[in-house]
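Asks: If you want the building blocks of each chain, they are given just below.
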Amino acid sequence: MCVTDNQTTSRRQYVAALGAGSVAALAGCASGSGGESEETITIGSDIPYEPFEYRNEAGELIGFDVEIAQAVFGDEMGRDHEFQETSFDGIIPALNNANFRVIMSAMTINETRAESVDFSEPYFTAFQTVLILEDGEIGQLDDLQGETVGVQRGTTGEAAAEDLQSDFDGELTIQSYDQVTGAFDALLNNQVSAVINDNTVSASFAAENDSVVFLEGDGVAADRDDAPDYLTLTIEDYGIAFRQDDDDFRQEVDDALAAIREDGTYDEIYNEYFDG
Amino acid sequence: MATQTDAESDTGGVMMRDRFVKRVGEIAAGGFVLAIGGLLVWILSTQVDYRLLGSPLIAGRFAEAFLLVVQIVVVSSLLSVSAGLLIGLGRISTSPVTGRIAKGYVEFFRGTPLLFQLFVIFFGVPRLWATGEFPIQNWAVPAAVIGLTLNHAAYVGEAIRGGIDAVPDGQMEAARSLGMSRVMALREVVLPQAWRNALAAIGNDQIILVKDTSLLTVIAVPEIMSVFRNINSNQLDPWTPLVWVCLLYLAITMSMSQLVNGLERRSDWGSDSTMLGRLTRGSGGGEES
Numbered sequence: 001m002c003v004t005d006n007q008t009t010s011r012r013q014y015v016a017a018l019g020a021g022s023v024a025a026l027a028g029c030a031s032g033s034g035g036e037s038e039e040t041i042t043i044g045s046d047i048p049y050e051p052f053e054y055r056n057e058a059g060e061l062i063g064f065d066v067e068i069a070q071a072v073f074g075d076e077m078g079r080d081h082e083f084q085e086t087s088f089d090g091i092i093p094a095l096n097n098a099n100f101r102v103i104m105s106a107m108t109i110n111e112t113r114a115e116s117v118d119f120s121e122p123y124f125t126a127f128q129t130v131l132i133l134e135d136g137e138i139g140q141l142d143d144l145q146g147e148t149v150g151v152q153r154g155t156t157g158e159a160a161a162e163d164l165q166s167d168f169d170g171e172l173t174i175q176s177y178d179q180v181t182g183a184f185d186a187l188l189n190n191q192v193s194a195v196i197n198d199n200t201v202s203a204s205f206a207a208e209n210d211s212v213v214f215l216e217g218d219g220v221a222a223d224r225d226d227a228p229d230y231l232t233l234t235i236e237d238y239g240i241a242f243r244q245d246d247d248d249f250r251q252e253v254d255d256a257l258a259a260i261r262e263d264g265t266y267d268e269i270y271n272e273y274f275d276g
Numbered sequence: 277m278a279t280q281t282d283a284e285s286d287t288g289g290v291m292m293r294d295r296f297v298k299r300v301g302e303i304a305a306g307g308f309v310l311a312i313g314g315l316l317v318w319i320l321s322t323q324v325d326y327r328l329l330g331s332p333l334i335a336g337r338f339a340e341a342f343l344l345v346v347q348i349v350v351v352s353s354l355l356s357v358s359a360g361l362l363i364g365l366g367r368i369s370t371s372p373v374t375g376r377i378a379k380g381y382v383e384f385f386r387g388t389p390l391l392f393q394l395f396v397i398f399f400g401v402p403r404l405w406a407t408g409e410f411p412i413q414n415w416a417v418p419a420a421v422i423g424l425t426l427n428h429a430a431y432v433g434e435a436i437r438g439g440i441d442a443v444p445d446g447q448m449e450a451a452r453s454l455g456m457s458r459v460m461a462l463r464e465v466v467l468p469q470a471w472r473n474a475l476a477a478i479g480n481d482q483i484i485l486v487k488d489t490s491l492l493t494v495i496a497v498p499e500i501m502s503v504f505r506n507i508n509s510n511q512l513d514p515w516t517p518l519v520w521v522c523l524l525y526l527a528i529t530m531s532m533s534q535l536v537n538g539l540e541r542r543s544d545w546g547s548d549s550t551m552l553g554r555l556t557r558g559s560g561g562g563e564e565s
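First to last, the sequence lines map onto chains A and B.
According to the working numbering, the first sequence holds residues 1 to 276 in order.
According to the working numbering, the second sequence holds residues 277 to 565 in order.
Treat the hints loosely; a few may be bogus.
Said to hold, decoys possible - From the structure, some residues in chain B lie toward chain A, with a derived Cβ separation under 7 Å: (1) F410; (2) V494; (3) R505; (4) L512.
In case anyone wonders, no lab produced these hints; they're calculated from the structure.
Every residue gets a Cβ at the ideal spot worked out from N, C-alpha and C, and that includes glycine.
Let the hints inform the model, and build the full structure from the sequences given.
Replies: So, in structure tokens, the structure goes:
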């Protein structure tokens with residue numbers, strides 16, 4: 001319910017625009033990347049962040065990012081890859097300290113981050129949204145003035161909360177949790193009045209909890225045809241993050257991303273997590 | 277040189293010569309200080325952004341966090357030492373029920389991580405109410421104080437039990453033979469001595485309590501490490517906020533060491549303010565409480 005079919009359509013258009021160039025590029029990289037292809041690609045990721053990266057009951061890592069990684073690194077590029085758990089608030093320094101090769105962690109592309117890392121082409125669009133208790137006292141965004149909101153530390157949800165805080169002249173308390181599940185717990189435990197976070201992740205949580213709903217209203221994404229039917233604070237694109245000296249590899253990954261969009265793998269994975 | 281000849285006539289060879297060992301120690305310690313000092317100077321001159329370090333905005337955020345930590349430490353300290361005293365007394369109780377319960381308490385709170393205890397209190401306890409019905413709105417700080425108190429009371433309790441055990445049995449026997457009850461003998465004779473014995477261990481534990489407040493970052497208490505993490509994740513500069521973190525923790529722990537040293541000196545044998553001093557002047561009192 002969180003994303004409509006329009007999103008997929010817009011993705012296809014996007015792919016069509018990229019498609020022509022990528023075939024040529026793919027042909028080029030196949031011959032050019034022999035030197036380092038033995039090395040396992042380690043992917044830094046903040047887990048759990050359902051439905052992007054989380055563990056099922058058997059402890060297996062699943063999620064949208066996990067399957068995209070398999071399609072891109074495994075199927076398209078023929079490389080071994082593994083996920084490495086890390087804390088989101090330190091994820092960029094950890095990448096630049098070479099703790100892993102790339103970040104795939106539902107990471108929004110923004111200017112501040114782009115100063116320290118390079119991003120792949122966007123592979124997902126998300127919206128910052130406000131999650132509340134159904135029978136709570138928050139009916140509209142202005143009701144949050146003077147209240148406390150929960151966010152995950154270092155996320156764009158935290159940044160959106162800080163923007164809201166300055167809109168309210170500082171009259172908003174922000175509690176930053178290590179993991180988004182901590183913020184969700186805080187909502188259920190009456191510690192915060194709302195959680196500001198990416199719509200898809202919040203939607204997963206709301207789907208499992210009858211007492212939790214999205215705050216309604218027209219947001220910044222109201223004019224878009226792929227907008228969700230609840231309040232949106234920001235529109236954000238997710239990208240895979242690379243070290244700034246890793247341009248050749250980034251190009252390979254961009255080509256592989258374009259390829260899985262073209263052959264329908266992307267839509268298959270997308271529908272598995274967001275259209276069911 | 278005369279001393280050299282003396283030394284060479286020693287039986288233990290070169291390693292047993294006092295001066296040689298002393299020199300080696302000095303060289304090792306000096307080398308250590310030079311290496312660390314050099315690294316520190318290098319970090320402070322290349323890694324630290326002094327504009328950011330002195331920025332009033334960041335100083336303000338750290339100051340706020342610092343005051344909160346000091347408040348949490350003062351309250352948890354007072355509560356955990358008081359509760360620890362009760363647990364220590366429970367541990368030496370002649371009643372098997374009290375003794376075992378106190379032992380069980382210590383085993384549990386010393387045997388499980390503080391982080392686990394904080395999670396139980398902060399995430400677990402409110403879930404005993406219906407969704408959104410938990411009555412305490414800002415639960416993080418009370419949860420922190422409760423967790424730190426329960427955990428450190430176990431350590432203080434063991435320190436006090438150790439302090440009591442270290443008082444020679446003769447003290448209790450002598451007091452009893454003067455007609456004191458066991459409780460009275462404990463209060464007037466044994467505990468004042470046990471307190472002094474236990475002070476160093478209690479002080480040690482309370483300094484650990486200060487450092488344990490850093491764990492509160494995971495239950496969203498806006499303490500010192502949280503400020504560091506926010507600044508690091510926004511500015512992507514670890515060293516500058518780390519300088520703040522280091523100075524602020526040392527400010528608390530070093531004042532705490534001073535306080536413990538002062539208390540130890542105050543309760544030292546022969547000092548006029550001690551129980552023994554007062555007892556010998558025939559004016560016993562309860563100033564140790």
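Asks: Now tell me if each hint is right for this structure.
Replies: Taking the hints in turn, this is what the structure says about them:
Nearest Cβ of chain A to the Cβ of F410/B: about 4 Å, under the 7 Å cut. The hint holds. Interface restraint check: V494/B against chain A, minimum CB-CB distance 5 Å, threshold 7 Å, status holds. The criterion of a C-beta within 7 Å of any C-beta in chain A is met by R505/B, whose closest approach is roughly 5 Å, and the hint holds. Taking 7 Å as the C-beta contact cut-off toward chain A, the hint placing L512/B at the interface holds, the least distance being around 5 Å.
When each numbered hint is compared with the structure, no violation occurs for any of them.
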